[in-house]
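Colleague: Given next are the chains, with one letter for each unit.
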Amino acid sequence: MADQAQILPGSLDLLILRAVSLGPLHGYGILLRIAQISGNALLIEQGALYPGLFRLVRKGLLKASWGTSENNRRAKFYELTAAGRKRLREETDNWNRLVSAIASALSVQPEES
Amino acid sequence: MKRLASLRFLMASVFQRSKINAEMEEELRSHIQHRADDLERSGLSRAEAERHARIEFGGQERFKEECREALGTHFLGTFLNDVRYGLRMLRRSPGFTAIAVLTFAIGIGVNTSIFSLIYALAIRPLPLKDASSLVSIYQESRATKQHPRGTEGAPSYVSYPEYANYRDGNHAFFGLAAYAEITLSFSGRDPEFLHGLLASCNYFDVLGAKLAAGRGFGPSDCRPSAAGSVVVLSNGFWQRKFGGDPSVIGKRLTLNSQVFDVIGVTAPEFSGTELQVPDLWLPISMASQLMPNTFGTRDWLALPNVSWLQVVGLVKPGISRRQAQAEVNILAHQMDANSPGAKTTVTVNAAAFLNSPVETCPVCVANPDSSQFVGHWRPLETPIGNPLVHRASPESCHPPISASATPWASDPRDEVRAAEFGTCSPSLGCHSLRHSAEIGLFVFLRDKSTRALLHVAFHKKGRSAIRKLYIWHPGLTVQRCPGTRRFWADGRQLLPYRITEGLPVTRPESALRGLHSRFR
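Residue numbers (the numbering used here), protein chains in the order written: chain H, 1 to 113; chain A, 114 to 633.
If we strip away everything but chain H, and leave its shape as in the complex, we get (with noise of 0.2 Å):
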């Protein structure tokens, strides 16, 4: 537990989008998903994934639908629309740039005087 990041605040969303844009998940497995593509290195609270999920349904970048799951049991299943699609695009590109923006920052070496 102890090496897994605190997620920044806003990026919660992106890793929502990212991880539903590989298939419509139920929120257990969104979690899932994202312990999975970020190779368990990131911490998210179970249920502060819903609000979440909400805010984006309510965007409407997310779509829900209620369905069965894996396990038998009914669930509410998330998928991307078009726009949710759009945005994780763009905001992968800014994520992409603030990063490596943050990144050049920090290796700068001090010079020696």
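Derived from the structure by calculation, the hints contain no laboratory data. A quick note: this is a predicted structure, and the numbers were derived from the prediction, not measured. Each hint should be verified, as a subset may be incorrect.
Calculated lysine-lysine pairs in the PhoX-like style (CA-CA distance at most 20 Å, straight line) [stated by the list, open to error]:
| no. | chain 1 | residue 1 | chain 2 | residue 2 |
| --- | --- | --- | --- | --- |
| 1 | A | Lys177 | A | Lys132 |
| 2 | A | Lys354 | A | Lys364 |
| 3 | H | Lys63 | A | Lys177 |
| 4 | H | Lys63 | H | Lys86 |
| 5 | A | Lys242 | A | Lys323 |
| 6 | H | Lys59 | A | Lys177 |
| 7 | H | Lys86 | H | Lys59 |
| 8 | H | Lys63 | A | Lys132 |
| 9 | A | Lys242 | A | Lys429 |
Given chain H's structure and the hints, the job is docking chain A onto it.
Modeller: Using the frame of chain H, we list chain A on its own:
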């Protein structure tokens, strides 16, 4: 798309609150079950696994609240709570509530009634047929030394030659009618003052007036030297004075000493263009005969620069008010070209009771030739504080003026001088004075800085009315006309005065009261 989705959610949240809550509950339960499945697979008992799953998940209620917040539905809940709280507080202090409600009620009521009044007077079209196509035409004329302008009514009114130019030159109107208000002394068994309207002879056609009896004016009624003129009675006056007797057509009425044949009576629903429905309509060509003293012997219709006519027109379909205004403005500019320096701007407004442009005319220059306010006046020895102002001279046959007609001038230090006016000037004799007289009174209040001219109509039977009041500001002046002095038979001198600048007051009685209280 986004907006639609959130709208759908909001609607759902309003109408399906319990359904959303149930779904939310089920979704979270499903999550915990899935987690428990995984834990069970790692070796825990089912009961143990579910307990762990619930603990891992954390406080369900908190997340449900956050979900509702994410849906935007909690605003509604908060709002309803606020409303409930507000109502509770109002119930707790009924006095405050009553005053607040009353304040709102009075505020709304006052606003509504003021708007109704403004609507009725200035916005609502006139109660006439085709009212939406009816417009009023006003103009703004720049008076110069070379082109002084006289006003009998309001500066935005037009002169007859201007009206004729607009009427005959345009292609935008079915017709343009002109009219001017006039007060008439009606001689008969029961003499009285009447409110008349001098109207162009197309007046009834343009306004689409219906007649209850007889006919309206025809073109021949407005010929300049028509022998024996005609009059159309309003329905109200006809009922009041003649009891609705149809045989009134053809009867003769004497108005301002002129004889008129009654040719028609308007239908009850026709109320004309003015707030006050006139008692009768007379052809515009009778202006000079009916008001012989305002401009002397001059023909009113020939005066090119006296504002005295209001104009109303019926716009042809498909022509906007702006187009009509542009056309009339071109006609005005053509006229201006003949008198260098003159500048006339025409405004075309939707016809309503009060729609003349704001009349800001700080200095109204009277035309020295038309000098419409000429009063031959002479100081009286008797101040008005005295109960009776006696007859000033043998020639002037106006009745004694009782002080009760002028209750505002009871202070003996106020100096009041009477001037003879209109109907009783020596050159014209006193023919119309059998029943009434019009007398000008110059009032000089104590501080001498405010002077006023009253145009008072006295009636033999004691009914007097203040017809007009002109008040001077300290900076405005009354000028003496040079060179023209007249003498009464007994040798006393008469000095003609011309009022060059004045402030016409439309409600003389209240203005007088205000004036008096201010200088008491």
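Colleague: Take the hints in turn and mark each one as holding or not.
Modeller: For each hint, the structure was consulted:
| no. | hint | in the structure |
| --- | --- | --- |
| 1 | A:Lys177 to A:Lys132 | holds (14 Å) |
| 2 | A:Lys354 to A:Lys364 | holds (13 Å) |
| 3 | H:Lys63 to A:Lys177 | holds (19 Å) |
| 4 | H:Lys63 to H:Lys86 | holds (14 Å) |
| 5 | A:Lys242 to A:Lys323 | holds (10 Å) |
| 6 | H:Lys59 to A:Lys177 | holds (18 Å) |
| 7 | H:Lys86 to H:Lys59 | holds (13 Å) |
| 8 | H:Lys63 to A:Lys132 | holds (18 Å) |
| 9 | A:Lys242 to A:Lys429 | holds (14 Å) |
The structure agrees with every numbered hint stated previously.
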